[in-house]
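*Asks:* Take a look at the letters that make up each chain.
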Amino acid sequence: MTETATDLRSDLASFPTARDPECPFDPPAEYADLREQEGTPSLACPVGVNARVVSRYADVRAALADPNLSSHAAPSTHVVPGGLLDRPVAPGSLLNMDGAGHARLRRLLTPEFTVKRIQALRPYVQGLVDDHLDALLEHGGPVDLVEHFALPIPSLVICELLGVDYGDRDRFQEQTAVLIGTNSDPAALEQANLEVVGFMTQLVLTKLAAPGDDLLGRLIVRAGENGQELSVEELVTLGITLLIAGHETTANMIGLSTLALLRQPDQLAALRADPGLAGTAVDEMLRYLSIVQFGVLRQATGDVTVGDETIKAGEWLVAALSAGNRDESVFPDPDRIDLRRGATAHLAFGYGIHQCLGQQLARVELQEVFVRLHQRIPTLRLAVPFEDVEFKNDALVYGVRALPVTWDEEDNR
Amino acid sequence: MKVRVDVDACVGAGQCVLAAPDVFDQRDEDGMVVLLVEDPPAELEAATEHAALLCPALAIVVER
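The listed protein sequences derive, respectively, from chains A and B.
Heads up: the first sequence runs through residues 1 to 413, numbered per the working numbering.
Heads up: the second sequence runs through residues 1001 to 1064, numbered per the working numbering.
There's no promise every hint is true.
Stated by the list, open to error - Pulled from the structure, derived: some chain A residues nowhere near chain B, Cβ distances all over 10 angstroms:
hint: 1; residue: P24
hint: 2; residue: I118
hint: 3; residue: A135
As the list claims (entries may be wrong) - Derived pair list, reagent style SDA-like, types lysine to any residue, alpha-carbon separation capped at 20 angstroms:
hint: 4; chain 1: A; residue 1: K116; chain 2: B; residue 2: D1039
hint: 5; chain 1: A; residue 1: K116; chain 2: B; residue 2: R1027
hint: 6; chain 1: A; residue 1: K116; chain 2: B; residue 2: D1028
hint: 7; chain 1: A; residue 1: K116; chain 2: B; residue 2: D1030
hint: 8; chain 1: A; residue 1: K116; chain 2: B; residue 2: P1041
Derived by calculation from the structure, the hints in this document are not laboratory data.
Predicted, not measured: the structure shown is a model, and the values here were computed from it.
Even glycine gets a Cβ: it sits at the ideal position worked out from N, Cα and C.
Start from the sequences, fold in the hints, and give me the full structure.
*Replies:* Right, dumping it as structure tokens:
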């Protein structure tokens, strides 16, 4: 296990706390106690404030749907020691905005992510998955599934969508890892941020000069037609948000869910036998793994009632998505993977006005990966002892750092 | 069953379209909800109620 500088203590005076190394797919066991005890305790967060921690499914939904709980501090800022909570929100920072300002930007972006638009991308995603499987089989095992499959597929998709040259991926993949680390030192963070902003500014200026038929180009045109021109700063921030959210989350879901499914051969066999299961399987794995592992931060702008408790104006609140997704009053036997559960009302994409904009894209990518990976490589297995797999306990988005896998010769045909 | 949608509240997550594609759609221009059927037939009632439950913006109201 990796040491984390965030000092995730195991007592529940603080939040978050460390996972049990024996149960790397489960949230810390203490979160079950949080759900069961009355009220919403005020716990110390690494950033240096106390926050009311909401852990029950119904309470998480109620909190995230409440317009008096503001998002102006970044979603997982509470886990960043020395982070700044009260700085002004950068223009275009969708995840930190509330109300009308948020709605304006969300509506300019949403046409790119509708169910219809994303379904139209499915053949492209299928082709990409098949190409990468061909390359994997050509390469032969053992091979790192993260580097050769889980990371490139979503990166290629979001690059294609945004109009980013995939050849430039080194300019954002490494920086992303720094930016979402809870353990990154301030100088490295600053440097990564500068590099990503520089990269995106260049791209935005190119698109502004000649908007092409890609997401950024269409966004620029759409905003202009609506009389809502976006500034360079807004476009840069939006572009970075989409680029990071678009590849990092799905990449981690692919790696982590593949590992989790390899540990549950009966569920994997069911999926292999019935590709029609892919839809519910993806939502179940999203629920079970809850990779936005520390939850999201809000601040009350007025008194808010959550369950039987009052959150007073000014108080901070953390909605623990992973705890809500294991609430047995909603998901019976919550610590078990059941690909037939039909758990579509999970909290892995958040809830409320900030619920993941790209969720339909994530679903399509994961569905195609789930089905094709295990059909093409039915003997897929871990190439190292399970204990040697390293988990990202120090990143806002949970996953595995690498996933060495191999398979039987017969799958190479 | 009577269904109402609040377009001003909608955030275009698309959950309703996935859950009940015969009842809900999204506008091409901004991705916001379009109600296709105000009075869904019995066989679509369960899916419609599920869509209302899923909606992250509480923008779907179902009346029996």
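*Asks:* Each hint should be assessed against the structure and marked as holding or not.
*Replies:* Outcome of the hint check:
no.	hint	result
1	P24	holds (29 angstroms)
2	I118	violated (8 angstroms)
3	A135	holds (31 angstroms)
4	A:K116 with B:D1039	violated (23 angstroms)
5	A:K116 with B:R1027	holds (10 angstroms)
6	A:K116 with B:D1028	holds (9 angstroms)
7	A:K116 with B:D1030	holds (13 angstroms)
8	A:K116 with B:P1041	violated (24 angstroms)
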